[in-house]
Amino acid sequence: MNNHSIETIELEMAVLFRRLTSLTTSRRIGNLDRAAYLLLHQIMSHNGTAGVKAISDEFQLDISTVSRQVAALESKGYITRVPDPIDGRAYSLTITKPGREALEENRQVRQEMIEQLLKGWSEEEGHLFGELLRKFNAAFLEES
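In terms of our numbering, the sequence shown opens at residue 306 and continues consecutively.
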């Protein structure tokens, strides 16, 4: 890839992150912050239960960061800890009914916002953009 393409992508990503940050701080999107939304989404994508280690690996975060996020969600009643029957020190995280409801409400609000931003795009453009974002995000995991 040539330097012009890299420069364009780098700048547009920086602008995107700034706009997303501005949008989500000035106009609250649902009742979950980005970290909580992603953590609940990750747990749901593993049939409603996941381990802290698996989550920290997926998001390339240290376990202490994930543990702090877990504690916040646990205090809201969105997840519970289920002790490992073999290793009493280990546990899995299970999403609760209020956690599922909060996740679904936030997902709906986020998708409505994206739908508004992309209202002039064709179905093909939307599909291609989604696939390219998925490929770009996967590149982070390949680099680790």
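For the record, the hints were derived by calculation from the structure and aren't laboratory data. Mixed in with the good hints there might be a few duds.
[Unchecked claim] In the EDC-like style, the derived pairs of lysine to aspartate or glutamate whose C-alpha atoms are separated by at most 20 Å in a straight line are:
#, residue 1, residue 2
1, Lys402, Glu428
2, Lys402, Asp338
3, Lys381, Glu406
4, Lys440, Asp338
5, Lys381, Asp338
6, Lys381, Glu410
7, Lys381, Asp392
8, Lys358, Asp392
9, Lys358, Asp389
10, Lys424, Glu436
Keep in mind the model is a prediction, meaning the values are calculated, not measured.
Consistency of the hints with the structure:
1. Lys402 / Glu428: Violated: lysine 402 and glutamate 428 sit about 33 Å apart, past 20 Å.
2. Lys402 / Asp338: holds (18 Å)
3. Lys381 / Glu406: Roughly 12 Å separates the two Cα atoms, so the pair holds.
4. Lys440 / Asp338: violated (24 Å)
5. Lys381 / Asp338: Holds, at roughly 13 Å.
6. Lys381 / Glu410: Answer holds: lysine 381 to glutamate 410 is near 15 Å, not above 20 Å.
7. Lys381 / Asp392: violated (26 Å)
8. Lys358 / Asp392: holds (14 Å)
9. Lys358 / Asp389: Within the cut-off at roughly 13 Å; holds.
10. Lys424 / Glu436: holds (18 Å)
When each numbered hint is compared with the structure, violations occur for hints 1, 4 and 7.
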